[in-house]
Amino acid sequence: MTFIIILLILLSIFFAIKPQRIMGFKLDMVRAPILAIILLMLLRHIDLQLLQEAIIGVGTLEPWKIIVIFFSMAYVSLSVDVTGLFDWLAYKLVHLAKGSGLKLFLIFYIFASVLTIFTSNDIVILTLTPIIYYVGKHAKINVIHLLFAEFFAANTWSMMLLVGNPTNIIMASALQIDFLEYLRVMLIPTIVAGVTNFALLYLLFKKAIHKNYSINIRGHAYVRGWADALLSTAILLLCLASLAVAPYIGLEIWQAAAIFAAVFVIEDLAFGYYYFTKAEPLAKMTRHKIESLIELHELEIKSNEFYTALHRMPWKLLPFIVSFFILIAALNKAGVVDHFATFISSLSTTLSSGIFANGISSFILANVVNNQPMTIFMANTVLSPNFAVTPNILEGSAYATVIASNLGANLTLLGALAGLMWHKLLKNKNIKITYWDFLKKGILITPIVFVITLITLYLTLS
256 MTFIIILLIL LSIFFAIKPQ RIMGFKLDMV RAPILAIILL MLLRHIDLQL LQEAIIGVGT
316 LEPWKIIVIF FSMAYVSLSV DVTGLFDWLA YKLVHLAKGS GLKLFLIFYI FASVLTIFTS
376 NDIVILTLTP IIYYVGKHAK INVIHLLFAE FFAANTWSMM LLVGNPTNII MASALQIDFL
436 EYLRVMLIPT IVAGVTNFAL LYLLFKKAIH KNYSINIRGH AYVRGWADAL LSTAILLLCL
496 ASLAVAPYIG LEIWQAAAIF AAVFVIEDLA FGYYYFTKAE PLAKMTRHKI ESLIELHELE
556 IKSNEFYTAL HRMPWKLLPF IVSFFILIAA LNKAGVVDHF ATFISSLSTT LSSGIFANGI
616 SSFILANVVN NQPMTIFMAN TVLSPNFAVT PNILEGSAYA TVIASNLGAN LTLLGALAGL
676 MWHKLLKNKN IKITYWDFLK KGILITPIVF VITLITLYLT LS
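Read in order, the letters of the sequence shown are residues 256 to 717 in the numbering used here.
One or more of the hints may lead you astray.
[What the hints assert, rightly or not] Under the rule of at most 20 Å between Cα atoms (straight-line distance), these lysine to any residue pairs were calculated in the SDA-like manner: (1) K571 / P274; (2) K320 / Q431; (3) K695 / T715; (4) K358 / L458; (5) K687 / I703; (6) K392 / I310; (7) K395 / V478; (8) K347 / V478; (9) K461 / I703; (10) K358 / K392; (11) K466 / L638; (12) K695 / L675; (13) K466 / K571; (14) K395 / I310; (15) K533 / E522; (16) K461 / W343; (17) K684 / L458; (18) K320 / L435; (19) K695 / I619; (20) K395 / H350; (21) K588 / A516; (22) K588 / L262; (23) K281 / P569; (24) K695 / L455; (25) K571 / W481; (26) K395 / L348; (27) K687 / L435; (28) K347 / K358; (29) K320 / W343; (30) K353 / W343; (31) K273 / L638; (32) K571 / L361; (33) K684 / V478; (34) K353 / N467; (35) K571 / L675; (36) K281 / K462; (37) K273 / I261; (38) K571 / F280; (39) K533 / W481; (40) K462 / K695.
These are calculated hints, taken from the structure and not from any lab test. Quick caveat, the model's predicted, so the values are computed rather than measured.
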């Protein structure tokens with residue numbers, strides 16, 4: 256049975272990465288894992304009790320709360336994004352570079368980093384990738400180095416805050432790590448990783464970075480309503496502050512996230528009604544405004560922001576994540592998690608060995624089965640009674656997995672769903688970066704950044 260479960264997990268991941276149509280039936284990240292669960296139910300390895308435990312949770316790992324946090328924060332970030340404020344800021348920063356390739360590279364890396372901290376890696380990739388494409392189109396320059404800069408920055412700085420990546424939420428929720436405690440541990444390792452990443456990217460792309468350019472982009476960045484944009488930004492900052500203090504005011508993180516998602520829904524519906532009744536008529540809008548709304552924000556001229564944000568939500572991840580909580584629970588029932596916990600704990604006899612054993616295992620697994628299934632598996636591993644280590648080693652092991660789940664995305668495109676999403680965006684824009692091209696760049700940078708970050712984590716926790 257163990258072999259069948261592992262095979263079904265690998266097939267589910269394969270179809271998530273590379274959807275196939277078999278006899279007219281499409282297998283993708285939604286259908287493949289659901290079919291795997293149905294098959295295991297028919298084989299009587301999964302029953303209703305296991306389904307309930309996999310979703311409701313047992314002990315400290317409560318998957319439904321993780322899902323609420325992830326989708327609530329996804330809506331919050333997207334709600335701010337669809338105002339056009341991030342696009343407007345990016346285009347203003349492009350003009351600040353004044354034709355300097357070095358300044359442009361520095362600006363995009365810093366902007367992607369800061370934006371990731373306050374939103375998430377997925378939002379940054381969705382927002383900046385089209386903008387970089389337009390920069391290359393109008394400046395007539397090769398923007399491969401800028402694309403790698405924003406992608407690597409997004410998957411590095413997403414480690415800093417608990418809500419920066421779904422994998423952070425999974426591990427932190429499993430060990431009941433609150434927002435401020437998470438930040439206390441991950442602040443310095445993230446900064447070290449971000450600076451190291453920048454230095455290595457600079458050395459790798461030095462020739463392309465120092466090429467100057469002339470650019471004349473007008474009108475592509477359009478903020479639909481400044482009152483909306485500024486209010487949304489203020490609520491976002493208040494949301495992050497609330498997540499930090501939630502445990503101290505009697506709120507769980509999932510409750511704070513859900514409350515602010517509801518606030519954004521109300522705000523979006525209100526402004527959506529305003530835009531619908533007061534929006535600038537299409538005939539009076541400039542061509543650039545129309546292009547910006549349609550091409551960058553995927554907005555219809557009179558669509559409301561609630562509909563737009565809802566449309567851009569990563570809904571396909573919902574059945575994927577839920578299914579993998581169930582599949583990992585099936586592995587747990589088969590004893591695989593406990594066996595692995597016994598093995599990995601035997602290697603984790605000190606803080607340093609725990610960090611590196613769990614970090615390296617997680618890093619490899621992330622690039623074999625993708626970072627989210629890996630993190631669910633490793634969260635169950637560190638919670639297993641067979642993972643017999645001291646609290647300090649347990650903490651180091653958990654944070655090492657968090658680091659691997661983020662930085663693993665910078666080694667191969669298979670390391671995270673963000674990589675697959677990025678690759679699809681580039682393909683739609685006729686920009687060719689193959690899996691092999693990405694690996695050739697990633698292998699020169701990411702292992703070095705990863706090892707230095709693990710060492711920094713060790714020094715932080717010592």
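For each hint, the structure was consulted:
1. K571 / P274: Judged against 20 Å, a Cα distance of about 13 Å means the pair holds.
2. K320 / Q431: holds (12 Å)
3. K695 / T715: violated (31 Å)
4. K358 / L458: holds (15 Å)
5. K687 / I703: violated (26 Å)
6. K392 / I310: Since the Cα atoms of K392 and I310 sit roughly 46 Å apart, the hinted pair is violated (cutoff 20 Å).
7. K395 / V478: With a Cα-Cα distance of about 25 Å, the restraint between K395 and V478 is violated, given a limit of 20 Å.
8. K347 / V478: Given pair K347, V478 holds - Cα atoms ~12 Å apart, limit 20 Å.
9. K461 / I703: Answer holds: K461 to I703 is near 18 Å, not above 20 Å.
10. K358 / K392: holds (18 Å)
11. K466 / L638: The given pair, whose Cα atoms are some 51 Å apart, is violated under the 20 Å limit.
12. K695 / L675: It holds: about 17 Å lies between the C-alpha atoms, which stays within 20 Å.
13. K466 / K571: Since the Cα atoms of K466 and K571 sit roughly 40 Å apart, the hinted pair is violated (cutoff 20 Å).
14. K395 / I310: violated (50 Å)
15. K533 / E522: holds (16 Å)
16. K461 / W343: Violated, because 28 Å separates the two Cα atoms, which is more than 20 Å.
17. K684 / L458: Judged against 20 Å, a Cα distance of about 27 Å means the pair is violated.
18. K320 / L435: holds (18 Å)
19. K695 / I619: The given pair, whose Cα atoms are some 16 Å apart, holds under the 20 Å limit.
20. K395 / H350: holds (15 Å)
21. K588 / A516: violated (35 Å)
22. K588 / L262: Holds, because 16 Å separates the two Cα atoms, which is no more than 20 Å.
23. K281 / P569: It holds: about 19 Å lies between the C-alpha atoms, which stays within 20 Å.
24. K695 / L455: Status holds; Cα separation ~14 Å.
25. K571 / W481: violated (31 Å)
26. K395 / L348: Holds, at about 18 Å.
27. K687 / L435: violated (40 Å)
28. K347 / K358: The hint holds at about 13 Å.
29. K320 / W343: violated (34 Å)
30. K353 / W343: holds (17 Å)
31. K273 / L638: violated (32 Å)
32. K571 / L361: violated (34 Å)
33. K684 / V478: violated (23 Å)
34. K353 / N467: holds (9 Å)
35. K571 / L675: Holds, at roughly 13 Å.
36. K281 / K462: violated (44 Å)
37. K273 / I261: holds (18 Å)
38. K571 / F280: holds (17 Å)
39. K533 / W481: holds (14 Å)
40. K462 / K695: holds (17 Å)
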